[in-house]
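**Q** Fit chain B to the given chain A structure using the hints.
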Amino acid sequence: AQSVTQLGSHVSVSEGALVLLRCNYSSSVPPYLFWYVQYPNQGLQLLLKYTSAATLVKGINGFEAEFKKSETSFHLTKPSAHMSDAAEYFCAVSPPRNSGNTPLVFGKGTRLSVIA
Amino acid sequence: EPEVTQTPSHQVTQMGQEVILRCVPISNHLYFYWYRQILGQKVEFLVSFYNNEISEKSEIFDDQFSVERPDGSNFTLKIRSTKLEDSAMYFCASSESGQGFAGELFFGEGSRLTVL
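Just so you know, the sequences run in chain order A and B.
Just so you know, we're using the working numbering here: the first sequence kicks off at 1 and counts up by one.
Just so you know, we're using the working numbering here: the second sequence kicks off at 1 and counts up by one.
So that you can see chain A by itself, here it is in the shape it has in the complex (with noise of 0.2 Å):
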């Protein structure tokens, strides 16, 4: 069974800082990992997904995530905050291909605060 850690409901950080979220998975199997966010009054939106190609990926918004599997890590990072990018961040792990219809488990989720 698959299942998510996310490391800290709530960080602030200053617009211009590095972003950090964490994020750590436990599956039997090699995952599939995504992040999702979930900005207000909106929709969950896919920031990126490691699907066993590169380990490092690149999203949406210059977020970026790399796969880390002697952490079982799966760490959100950009290297400067802007105001915008204040949301709600939620990781997610799901069996690799051919495993079916098979759901993403989300992790709790991390709210992050940007600081002018």
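Hints are supplied without guarantee of correctness; some may be wrong.
[To be verified] Cross-link-like lysine-lysine pairs, in silico, DSBU-like; alpha carbons within 30 Å at most:
hint	chain 1	residue 1	chain 2	residue 2
1	A	Lys49	B	Lys42
2	A	Lys58	B	Lys42
3	A	Lys69	B	Lys42
4	B	Lys83	A	Lys49
5	B	Lys57	B	Lys42
6	A	Lys49	A	Lys69
7	B	Lys78	A	Lys69
8	A	Lys69	A	Lys58
9	A	Lys49	A	Lys68
10	A	Lys108	A	Lys68
11	B	Lys57	B	Lys83
12	A	Lys108	A	Lys49
13	A	Lys69	A	Lys108
14	A	Lys58	A	Lys68
15	B	Lys78	A	Lys68
16	A	Lys68	B	Lys83
17	B	Lys83	B	Lys42
18	B	Lys57	B	Lys78
19	B	Lys78	B	Lys42
20	A	Lys108	B	Lys83
21	A	Lys108	B	Lys42
22	A	Lys108	A	Lys58
[Said to hold, decoys possible] One side of the interface only, derived from the structure: several residues of chain B facing chain A at Cβ under 8 Å:
hint	residue
23	Val4
24	Gln41
25	Val43
26	Glu56
27	Phe61
28	Phe91
29	Glu104
30	Leu105
31	Phe107
32	Gly108
33	Glu109
34	Gly110
35	Arg112
What the hints contain is simulated information worked out from the structure, not anything from laboratory work.
Cβ atoms here follow ideal geometry from the backbone N, Cα and C, with glycine treated the same way.
**A** Below, chain B without anything else, positioned relative to chain A:
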């Protein structure tokens, strides 16, 4: 840009009442999902639906819940007799391919259900 739409955005109901949450998935998508998020907790999978039948459901999705695609465009979640613990944000999602193939899920903005 195509999007998943959900109605209502917020519903308040009395315990024991029936509630129907509606979703219009993206038109060429084949897989449909309901997730929910109780305030402060994880986004949890409820059910997936493909080819006019449930393909997978979680233990949360008991006999009080049902899903239907009545007319080829809408996808509904019915809760027959609501309980206080059903209060949550309910997210509908759709994808062109199943999640096991790392298909991107497109989420709606959510329907907030408050049970009094």
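**Q** Which hints, by number, does the structure contradict?
**A** When the structure is compared with the hints, numbers 4, 7, 15, 16, 27 and 35 turn out to be violated.
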